[in-house]
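A.B. asks: Each chain is listed here by its residues.
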Amino acid sequence: MTETLLNTNMHDIHDIQLIRQKYVDNTAHLSTHPKSLNELIELLYEAFATNDVNIDYVHTIMNNYKGNVKEWAPFLKFQPNKYTRNLVDAGNGKFNLMILCWAESQGSSIHDHTNSHCFMKCIQGTLVETKYAWPKDGGENTETPMEIISRTELKDGKVAYINDSIGLHRVENPSHTDTAVTLHLYVPPYSHCSVFDERTGRTKEAHVTFYSINGLLTTSE
Amino acid sequence: MATALPSQEGYEDDYDLDDVDDFDDFSDTIDYSHLNLNAIDYNELTATVENPHHIKNIQLNSNSLLTLTPEIDKFQSLITLELSNNQLVQLPHEIIYLKNLKNLYLKNNSLDDLSLPKDFDQLKQLEVINLGGNRFKQFPYQIFRMVNLKELYMGSNRITILPDLFQTLTKMEVLYLGGNQIGNIPDSIGYMDSLIVLNLCDNRLRTLPRSISRLNRLKSLSLHNNQFCALPPDIIRLDLQELSLRNNPLVVRFVRDLTYDVPTLKELAARTIKLHRVDYDDKSIPKCLIEYLNSAKSCLNPKCKGVYFESCHKNIKFVDFCGKFYLPLLQFLCSPACTPTSTCSMTTTNHSDDMNSKFKKVLLG
Numbered sequence: 001m002t003e004t005l006l007n008t009n010m011h012d013i014h015d016i017q018l019i020r021q022k023y024v025d026n027t028a029h030l031s032t033h034p035k036s037l038n039e040l041i042e043l044l045y046e047a048f049a050t051n052d053v054n055i056d057y058v059h060t061i062m063n064n065y066k067g068n069v070k071e072w073a074p075f076l077k078f079q080p081n082k083y084t085r086n087l088v089d090a091g092n093g094k095f096n097l098m099i100l101c102w103a104e105s106q107g108s109s110i111h112d113h114t115n116s117h118c119f120m121k122c123i124q125g126t127l128v129e130t131k132y133a134w135p136k137d138g139g140e141n142t143e144t145p146m147e148i149i150s151r152t153e154l155k156d157g158k159v160a161y162i163n164d165s166i167g168l169h170r171v172e173n174p175s176h177t178d179t180a181v182t183l184h185l186y187v188p189p190y191s192h193c194s195v196f197d198e199r200t201g202r203t204k205e206a207h208v209t210f211y212s213i214n215g216l217l218t219t220s221e
Numbered sequence: 001m002a003t004a005l006p007s008q009e010g011y012e013d014d015y016d017l018d019d020v021d022d023f024d025d026f027s028d029t030i031d032y033s034h035l036n037l038n039a040i041d042y043n044e045l046t047a048t049v050e051n052p053h054h055i056k057n058i059q060l061n062s063n064s065l066l067t068l069t070p071e072i073d074k075f076q077s078l079i080t081l082e083l084s085n086n087q088l089v090q091l092p093h094e095i096i097y098l099k100n101l102k103n104l105y106l107k108n109n110s111l112d113d114l115s116l117p118k119d120f121d122q123l124k125q126l127e128v129i130n131l132g133g134n135r136f137k138q139f140p141y142q143i144f145r146m147v148n149l150k151e152l153y154m155g156s157n158r159i160t161i162l163p164d165l166f167q168t169l170t171k172m173e174v175l176y177l178g179g180n181q182i183g184n185i186p187d188s189i190g191y192m193d194s195l196i197v198l199n200l201c202d203n204r205l206r207t208l209p210r211s212i213s214r215l216n217r218l219k220s221l222s223l224h225n226n227q228f229c230a231l232p233p234d235i236i237r238l239d240l241q242e243l244s245l246r247n248n249p250l251v252v253r254f255v256r257d258l259t260y261d262v263p264t265l266k267e268l269a270a271r272t273i274k275l276h277r278v279d280y281d282d283k284s285i286p287k288c289l290i291e292y293l294n295s296a297k298s299c300l301n302p303k304c305k306g307v308y309f310e311s312c313h314k315n316i317k318f319v320d321f322c323g324k325f326y327l328p329l330l331q332f333l334c335s336p337a338c339t340p341t342s343t344c345s346m347t348t349t350n351h352s353d354d355m356n357s358k359f360k361k362v363l364l365g
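Chains A and B are the protein sequences, given in the same order.
For reference, each letter of the first sequence is one residue, going 1 to 221 in this note's numbering.
For reference, each letter of the second sequence is one residue, going 1 to 365 in this note's numbering.
Think of the hints as simulated: they come from the structure by calculation, not from any bench.
These numbers come from a predicted model, not from an experiment.
The reader is advised that the hints may include incorrect statements.
Subject to a maximum C-alpha distance of 30 Å in a straight line, what follows is the list of computed DSS-like cross-link-like pairs (lysine-lysine) [unchecked claim]:
#, chain 1, residue 1, chain 2, residue 2
1, B, Lys102, A, Lys70
2, A, Lys77, A, Lys204
3, B, Lys99, A, Lys131
4, A, Lys121, A, Lys35
5, B, Lys102, A, Lys77
6, A, Lys77, B, Lys150
7, B, Lys219, B, Lys266
8, A, Lys70, B, Lys56
9, B, Lys102, A, Lys204
Make a model of the complete structure from these sequences and hints.
C.D. replies: See below:
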């Protein structure tokens with residue numbers, strides 16, 4: 001990225017440095033390979049220290065983080081009726097890091113992401129992500145089946161990214177014998193989103209909740 | 001769910017560490033999981049064990065076992081036996097002697113209809129059994145005698161027909177039948193009074209028995225990836241929290257198939273008798289006709305007093321269920337004239353117009 005120096009006064013090196021700093025990647029000094037869940041969280045806090053967030057860096061560390069089942073143990077809570085959302089870190093309100101546990105054949109509704117970035121990393125089993133186009137606005141009474149943009153399989157640490165400008169998605173565990181686990185990062189966090197009826201494109205508000213926070217079950221369950 | 005001690009592999013097995021508190025003292029556990037073993041005999045199992053009678057939990061999942069040692073019955077205190085992700089073709093008959101066995105995990109093996117011992121139901125205290133990911137073509141009949149079962153997982157097998165014997169499983173809370181080729185759900189499923197989770201996804205189902213409305217403890221019903229066109233109206237009596245219906249033809253295909261079988265003369269006469277409350281008894285008409293007349297079903301249109309016998313008109317009515325789901329319910333009505341907006345069936349030149357108008361009317365109906 002090039003910068004034009006308007007004032008070439010040679011003894012104002014301090015000013016020049018100040019200008020240069022604006023264009024320097026504030027995550028350049030940080031590791032890109034978190035070796036543990038705690039390190040991933042630390043790096044996220046660093047990356048979110050200012051209001052300029054380098055989303056590419058966030059995507060990189062989510063991708064490179066490997067982790068192991070011992071770290072995830074407090075958040076691995078499966079339920080026979082529905083997938084669970086287990087908050088790992090509330091990110092000072094700037095991001096939410098959570099682990100979702102999908103028992104056999106469990107899936108989500110089609111939903112949007114309320115203007116947030118969503119990173120989803122598959123850390124166990126296999127998930128299928130089906131992306132949908134936003135329903136066209138045909139007026140109050142039109143009902144049109146929603147259009148599928150893509151269908152991809154996620155496994156072995158692969159990270160999927162989505163935000164509202166890309167579209168909507170449904171995530172499901174296609175297996176009837178194995179569970180699946182995903183690590184999610186939302187920037188910024190959100191507590192409401194819209195859910196969509198695949199058959200008609202009709203939408204409704206939904207309140208998203210946590211099954212557990214820091215490993216402890218929330219009382220609403 | 002399987003309980004297992006954590007291993008090095010990050011992405012392979014599944015773990016539900018909620019249950020790890022069951023085992024306070026790990027000396028009651030033998031763990032030879034994730035070791036690529038082809039076989040393991042009793043001596044190898046007990047090599048580091050002081051007293052086999054103390055063993056409550058054996059983990060042998062994720063190996064390449066073709067058989068299980070017949071000396072397994074020497075572990076008389078065994079509560080949990082984890083054999084998932086192996087290559088088992090048969091279970092030794094001696095397994096039935098494990099009087100304390102509560103949890104048996106056998107998912108992802110090569111078991112088929114002949115693999116379970118004939119008297120497998122001797123495991124009377126068994127509560128959880130996972131037979132998912134095997135090669136069962138028939139539902140194992142021994143299961144119906146195992147009345148203490150609470151959770152049964154038969155996902156991803158090759159079952160096509162379910163025997164109508166489920167009423168014996170009155171303690172069952174979770175029944176997982178997803179990923180088979182089941183074409184029909186028998187009536188007895190509605191008599192499993194303790195059922196909380198019923199998973200029928202990924203099969204070949206078109207309807208549910210009406211008895212499903214009896215399951216007043218049912219909270220979660222998975223019907224996705226099937227051939228459902230509509231659901232029985234009684235389903236709204238259930239207090240469901242989760243209902244999955246994605247990937248079913250639902251209304252679209254059903255509208256195309258909407259037909260009305262013209263009633264027989266016998267039926268028309270019977271309808272008239274019922275509607276006008278004409279008296280009849282076994283002195284005036286043959287017994288078989290009395291039985292026929294008594295089998296009359298009421299038209300579901302609340303404004304109609306009519307009845308029907310075999311010939312009825314199927315109508316779809318959309319119902320908003322608990323403010324969460326928008327379901328197409330199947331109503332049986334005595335004739336097309338009974339619908340608030342009757343579906344037309346002929347005399348339009350343009351075929352797709354015909355479809356569209358049918359569709360619209362059904363949606364509004």
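A.B. asks: Let me make sure I understand: some of the numbered hints might not hold for this structure. Which ones are they, in numerical order?
C.D. replies: Structure breaks hints 3, 7, 9.
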